[in-house]
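If you read the protein sequences in the order shown, they are chains A and B.
Okay, so the first sequence: first residue is 1 according to the numbering used here, each after it adds one.
Okay, so the second sequence: first residue is 507 according to the numbering used here, each after it adds one.
Derived by calculation from the structure, the hints in this document are not laboratory data.
Keep in mind that this is a model prediction, so the values were computed, not measured.
Note that CB positions come from ideal geometry on N, CA and C, so glycine has one too.
Any given hint could turn out to be false.
What the hints assert, rightly or not - Reference listing, derived: stretches of chain A covered by chain B, where coverage requires no fewer than 3 residues with Cβ under 8 Å from a Cβ of chain B:
{"hint": "1", "segment": "146-152"}
{"hint": "2", "segment": "209-221"}
{"hint": "3", "segment": "422-432"}
{"hint": "4", "segment": "445-451"}
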Amino acid sequence: MEDLGSLFHGFAVALTWYNIGMMAVGIILGIIVGVLPGLGGPNGVAILLPLTFTMSPTSAIIMLSCLYWGTLFAGAITSILFNIPGETHSVATTFDGYPLAHQGRAGEALTSAFTGSFIGAFVGVLLITFLAPLVAKFALEFGPPEFFAVYLLTFSSFIGTGKDPFKTIIAMMLGFGLAAIGMDAVSGELRMTFGWSELLRGVAFLIVVIGLFGLGEILVSMEEGLAFEGKSAKINMKVVLQTWKKLPKYWLTLIRSSIIGCWMGITPGGATAASFMGYGVAKRFSKNGDKFGTGELEGVIAPETAAHAAGTAALLPMLALGIPGSATAAVLLGGLMIWGLQPGPLLFVEQKDFVWGLIASMYLSNIAGLIIVLSTVPLFAAILRIPFSIIAPIIIVVCAIGAYTVHSAMLDIWFMVAFGIVGYFLKKLDYPLAPLVLSVVLGRRTETSFRQAMLGSKGALDVFWSNALVGTITTLALIMLFWPVVSFAWSKLGQMRAHAIAAKRA
Amino acid sequence: MEQQQKQQDPHQGGVSERAVGAFTAIFIFFVGVVMIVDNYKLGAGWSKDGPESGYFPLRVGAILCIACVVVLLQTLYAKNRSTKTFVTWERLKLVLKVLLPTIAYVLAIQLIGIYVASALFIGAFMRAMDKSSWLKVLTISIGVSLALFWMFEVQFMVPLPKGPLEALFGY
Chain A
1 MEDLGSLFHG FAVALTWYNI GMMAVGIILG IIVGVLPGLG GPNGVAILLP LTFTMSPTSA
61 IIMLSCLYWG TLFAGAITSI LFNIPGETHS VATTFDGYPL AHQGRAGEAL TSAFTGSFIG
121 AFVGVLLITF LAPLVAKFAL EFGPPEFFAV YLLTFSSFIG TGKDPFKTII AMMLGFGLAA
181 IGMDAVSGEL RMTFGWSELL RGVAFLIVVI GLFGLGEILV SMEEGLAFEG KSAKINMKVV
241 LQTWKKLPKY WLTLIRSSII GCWMGITPGG ATAASFMGYG VAKRFSKNGD KFGTGELEGV
301 IAPETAAHAA GTAALLPMLA LGIPGSATAA VLLGGLMIWG LQPGPLLFVE QKDFVWGLIA
361 SMYLSNIAGL IIVLSTVPLF AAILRIPFSI IAPIIIVVCA IGAYTVHSAM LDIWFMVAFG
421 IVGYFLKKLD YPLAPLVLSV VLGRRTETSF RQAMLGSKGA LDVFWSNALV GTITTLALIM
481 LFWPVVSFAW SKLGQMRAHA IAAKRA
Chain B
507 MEQQQKQQDP HQGGVSERAV GAFTAIFIFF VGVVMIVDNY KLGAGWSKDG PESGYFPLRV
567 GAILCIACVV VLLQTLYAKN RSTKTFVTWE RLKLVLKVLL PTIAYVLAIQ LIGIYVASAL
627 FIGAFMRAMD KSSWLKVLTI SIGVSLALFW MFEVQFMVPL PKGPLEALFG Y
């Protein structure tokens, strides 16, 4: 097996003291970032990204991806102990996690959540190990039309599966607009700079992310008036071992949630959707389904496993195709470009050390993450008890520094504040932010592949149906785009048929 | 900007979600119009060597405008339109209590450098919100700033904006 050989080579890359240290730093920072209100995966990675410019890309991606795993683990801590989902993907964990903590079984709930996460992530990494190289090999044949079709599919599936398709479209188009500001990479002309030379270099996606998710989140949580009243987190070896003994009973739930998570991660449904679906499916199929919501361990395991599997699997399309499956993955993808790597299938050919080092690090860091998180929960729970009046200004300071370090430009801090205000309004009005981030990061690449495709076909749109491959992807994308219409028509048709049958019988 | 457009509702003591939603949609609509106009001027058609620079953004702007009209109509006339309050005046005050100091803080960064500004900002925030003791305020605000200084200027060698105080110490 060629891939297994590469994987072992990856372990050799990842297993240096420096990289293991980076893993630990990443995971701990990730848990802190995930526990704190106002910070989360996307902007935790965004703030730290400028600090990694001097590192080797492999160490940098190992640290930042570990930060991402840390935030995924951390979501469970706040949900179970404080009934506050630190991240949106851990909302479903509160349903049964908090009741369990209320009954004094926080240790059990946390252990099963972390272990479930670990198993979900493990399945996700296995999938990446074996599927990503194949996808990349397949995608090596892609030309501009194929790439544009794949981008279109990504964006369409956001629109098709989103809650409010039009708000998703608005968020997405704003992102494309922001990405287009500055010098046009193809012609060198200036776009939408309005004669302002500071806008020449464009608006960095990092600024957008830090503003929307950092300051915006602080403003929203300030308004909601956060008061943390947590349950104590007693967790020791005995509780962990006892809980582990119970877990094999839930093997079916674990497998089901892992599969749901992997699927939702690869298609950009994301961890949030995956966790709800994992919970819902477990509730329907479990023997104790009616007791869900009152403190069932299964109700903690199901969403956590799915969320973590989705979070991990989201890196598969990012590595193999250059398309991120989640907001955090989008920021990581932006990082790749800043480090000077060209995201896409060629990574597997040209940057073997990087890709396989990262994949190997995922195996190691999830084991390390599980150990760290199990042994330090009380410590992180204590962070949440620090008053908001101390946490909030520090987070704002960190956001300001993060924004400044991107280009060493004062103006970027002002932009960050502006995006914070925009984020407050968009968030409160239920505009989804993930599509905005996705299109800010991918906007230029999408545009370039579209224009190159148009160039090749002299402006004829039928280039997107010029062969079986690109035709299939484009058609699939259009179906996803109009999915709400399609499913509506389908159900109407079903109703009509039912009526017709009923009418005939009568 | 939104603040000026608020329709006052004396009964609820806040801004309705419909008003803010509608105003936001109108605002974004104009962003779309700006995109269309600017890119049209640049050339959004077809030149000898392919699509011009404005080709893609102009279409993006157009889609943005159409989606805004739909959202605006939904917000105003849909059957299940929102009757909720977007934010009550009381809560808006809380938001402004964070936002205005933040703006002052960014201004201060420009004038006196990020480290001094951060210490002042954190200290003032703690004093104002919690009435924390001076000892606690001073320890945390100065401690955080020193830690940041050590991390960025010494450890990572990433220069951040500095002012007269840092100059005094030769940075």
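Hints, verified against the model:
1. Given a C-beta distance limit of less than 8 Å, the hint that chain B covers the segment 146-152 of chain A is violated, as 0 residues qualify and 3 are needed.
2. Counting residues of the segment 209-221 of chain A whose beta carbon lies closer than 8 Å to any beta carbon of chain B gives 3, which reaches the threshold of three, so the coverage claim holds.
3. Check result for the segment 422-432 of chain A against chain B: holds, 5 residues qualifying (beta carbon to beta carbon below 8 Å, three or more required).
4. Given as covered by chain B, the segment 445-451 of chain A passes the check, having 3 residues with a CB less than 8 Å from a CB of that chain where 3 are the minimum.
Violated hint: 1 only; the structure is consistent with all others.
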